[in-house]
Amino acid sequence: MMTLGEMNQLGSAVAVAAALLLAPAAMAAEMSPTKISGQVFANFSNLQIGDQRTDNEGWQPDLKRFYIDVEHSFNADWMLKVTTDVQWQRQQDPTDVWFRHAYVQRNWDNGYYLKLGVAELPWIDYVARRVGYRYIDPSINPKNQFAGPTDLGVHVGQKGEHFSYGVAMVTGAGFKKPKVADQVDIEAAAIWHVTPTFDLAMGWYEGTRALDKGSNIDKLHNAQRWNMALSYMKKGMRAGVEYVYNDNWKQVTSATEDASDGWSAWASYAFSAKHSAFVRYDITHPSRRLKPELEQDYLQLGVDWKVMPSLTLAFVAKQSDIADVIIDRTQNEVGVWAMWNW
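Throughout the sequence shown, residue numbering follows mature numbering (1 follows the signal peptide of the UniProt record, and there is no 0), covering -28 to -1, 1 to 314 in sequence.
Hints are not guaranteed to be accurate.
What the hints assert, rightly or not - Derived lysine-lysine pairs resembling DSS-like cross-links, with alpha carbons at most 30 Å apart:
1) K263 <-> K149
2) K7 <-> K36
3) K278 <-> K263
4) K7 <-> K191
5) K151 <-> K36
Honestly, the hints are just simulated from the structure, not real lab data.
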């Protein structure tokens, strides 16, 4: 029979042997050039629309986003990224599988980067990070179809300590129905980092958005968009305001001209390590020339809870109002929103 000392020695030897056997596998996992991850945005909410009765009302689930992300590093400078995207909204069939990202990227030590393929547009990506809470709703531009998040093309830029910029030369068709148009669209963003926490940013877009792609369709106008944002972001706190103005965004092939604009203000505060409160208010004018009386307001209030590193839950209340000389309709929604990372 082994003594207590001999048993301790044997246990130590087994532990060392197991560590030696498992160490290469653990190191290989950490050093693997390919990473696979995913993200889910979902909610279960009660939707009520004033003066209407639709199948969308009541308590129902929504799968807002289901991402699968694959990143492969060829070396320290080059990488490949592919992200698939699926939605399944209430009372709708699941969407097709979209490629939200599909690009190769080259990085340089001085902060410069080059992306070739379907990649993030510089303004939309920047503002989304400043606003936060993407799993609740996107920022004012994509939410109101004033812009898309990614597009096929050539993307360049630099991220610096005091100044950053990005330029994208793209098809304008977006990632859901990619197609090559006859004209290159351009989006640009310039950000002055006034302090480590405070930014002043401007953005610009011009092109046809591939709306003139077709045998019997002629371009009559260029679509244009101008953006400006002031924002503050520090650990546990966010605040900011954004303005957007669009000219002929949907009227590229129409003889009738139109414009739209909007404001968005947001703030959030983490009152503990796992809880934060947030608020956002948007006001938009979707048709300044054709329907100048039309106005849309959006209010969002919520509290979120980081249940674990991979799961965040939020209790959210939303109200949307649309009004002009004819209609005045309010939509209310309350429920639980979730973001799951894996």
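Tested hints:
1. K263 <-> K149: holds (29 Å)
2. K7 <-> K36: Cα-Cα ~23 Å, so holds.
3. K278 <-> K263: violated (43 Å)
4. K7 <-> K191: This hinted pair is violated, its Cα atoms lying about 43 Å apart.
5. K151 <-> K36: With a Cα-Cα distance of about 24 Å, the restraint between K151 and K36 holds, given a limit of 30 Å.
The structure is inconsistent with the numbered hints 3, 4, although it conforms to all the rest.
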